[in-house]
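Novice: Chains as they are written, first to last, in our numbering: chain B, 18 to 318; chain E, 18 to 318.
Think of the hints as simulated: they come from the structure by calculation, not from any bench. Incorrect hints may appear among the rest.
Given that identical chains are not distinguished, each listed pair holds provided it fits within a single copy or across any two copies.
Okay, derived cross-link-like pairs now, DSSO-like style, lysine-lysine, Cα gap no bigger than 30 Å in a straight line [stated by the list, open to error]: (1) Lys146 / Lys159; (2) Lys146 / Lys157; (3) Lys194 / Lys61; (4) Lys157 / Lys83; (5) Lys83 / Lys146.
Number of protein chains: 2
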Amino acid sequence: MDNISYSTYKNLIDNHILDFIPEIDHKSITVYESMKYSLTAGGKRIRPVLLLAACEFVGGNSADVKGAITYACALEYIHTYSLIHDDLPAMDDDELRRGVPTNHVVFGEAMAVLAGDGLLSTAFEAMNKDMLLYLDDPVKLKRRIRAIYEISKSAGCRGMIAGQVADIEAENKQCSKEMLDYIHLNKTAALIIGAVRAGAYLGGANEQQLRDLTGYAENLGLAFQIADDILDICGDEAEMGKKAHNDQKKNKSTYPCLYDLEDCKEYLSELTETAVSFLESYYDEAEFFTKLAEDMAVRVK
Amino acid sequence: MDNISYSTYKNLIDNHILDFIPEIDHKSITVYESMKYSLTAGGKRIRPVLLLAACEFVGGNSADVKGAITYACALEYIHTYSLIHDDLPAMDDDELRRGVPTNHVVFGEAMAVLAGDGLLSTAFEAMNKDMLLYLDDPVKLKRRIRAIYEISKSAGCRGMIAGQVADIEAENKQCSKEMLDYIHLNKTAALIIGAVRAGAYLGGANEQQLRDLTGYAENLGLAFQIADDILDICGDEAEMGKKAHNDQKKNKSTYPCLYDLEDCKEYLSELTETAVSFLESYYDEAEFFTKLAEDMAVRVK
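Looking at chain B on its own, in the form it has when it is part of the complex:
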């Protein structure tokens, strides 16, 4: 992998983010507008970027990476649906996301529920449709089936949804480190792990590559959430695109509730180092992943 920059992958995603939404009849076009609104409201695209990078890292050629865009965008659809539902008044009741009003503020609650449902459904419809193109290519088909299973598992009731359930139930409660790790590992890390593993399968990873990338992703995923928790306390509102001290106001269970800020930063450093260590034996080949983890840790310093 030749030092491909984050923005190369991100641009690919940004350019194709609406491509896998099926043509929707004008009689129900509002759901398209609502999905499009949230899909194009910015965002770092970290999950789809990781999917494409993992695909290329394990040896996927340019056709593999191109073919992986469907799965990368599907992953962003899933992430976006989770944000729309998470922002609902019955859930986190957020009115601002990425610097613009949340979906239900613009389209109403009913349409926001349906736009979320629509994005989750579209993610699977797009990946399933893609598989029809590979019915006579057993190697690529198997890779796709493994990738879609990784994505569905990480988004489901043993993954992201489990984390959201535990997060909601832990509100207003003093929460143990074990519970906090559980919430973060599922709410945030699961989809990041799913992204990396799906990308690895799509690129034809061997067992060793898969194990190393999984170790990296687990630690990166936790680091990512802790960085977010820290930023909620000391970040700049304009830069974050949302209100600061949001977690605190909602009595959310976060690391800074349990530990002082310096300990949180220390934990973040440890996780970053551990993440990077999983890919040490690949030397410069892993530069993209190393840089990504380190940049994230630097962001909160």
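Let chain B serve as the given structure and place chain E on it in line with the hints.
Specialist: Frame of chain B; chain E shown alone:
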């Protein structure tokens, strides 16, 4: 197909309905309780029954039917998620479903949103996991890929969700027959068509069988919704398990808003006849499907 009764298939579904939910950690077990509550609250199981019946009708053997149970239950997960979300205060705001309190009344709105998301995710996770078992059986694998695509398409933004979007937007409006057909064809018929087509693929249908079953399902699906609309006006509350005149109170767009009751019953008869006519050339072999359509029409007489 030897005159298998509706209850044979329904019992299969009832006995396996919880089998495809993955093991969920106790830290997020509430979402399991919430999903289980709605999955076991009764219901006719018409979609999964149709899937199994279609699989057997086209020549699927007992192993094919057994293998199709995953897809049948996944379809019921999708149907159930749509009911949970549909009942939310922001949507139809229903407090009673199948004679028991709706999901959000028991588990709260946040958990109901997540239980719906969980069921939709679990449906795809279960089907994707099943495909892993057939990686080295290209014939059965292809049938599964086609089946899962049918299901995802029918549940998505060109199917069920499109219908729900149009339904919400048509509230409190005078609605044309074209719009009404669009709503019903998508909100209700789509998943019934998806069920029949997915079952047909899983049983190894040929093109002609697929076309005939699709024609049957389109008409059955519309008939099913019109029967429901009529029952909302003249049905028995105890039998329906929900309040009568619900549609009227919410200014929902239904056939009885547009036509008098006798015309609606006439339209129902026509659709039933057309549905049955698609399977005429199969004679007694199609008895299950014929009886199902006719029983439904009789229910509202």
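Novice: Next step is simple, just say for each hint if it's right about the structure.
Specialist: Hints and how they fare:
1. Within a single copy, Lys146 and Lys159 get their C-alpha atoms as close as 15 Å, and across copies as close as 12 Å, so both meet the 30 Å cut-off.
2. Taking CA atoms no more than 30 Å apart as the test, Lys146 paired with Lys157 passes in both settings, with 14 Å inside one copy and 17 Å between copies.
3. For the homomeric pair Lys194 and Lys61, the shortest alpha-carbon distance inside one copy (28 Å) is at most 30 Å, but the shortest distance between copies (45 Å) is not.
4. In this homomeric assembly, Lys157 and Lys83 come within 30 Å of each other (Cα to Cα) both inside a single copy, at 13 Å, and across copies, at 28 Å.
5. Taking CA atoms no more than 30 Å apart as the test, Lys83 paired with Lys146 passes in both settings, with 16 Å inside one copy and 25 Å between copies.
In this structure, every one of the numbered hints holds.
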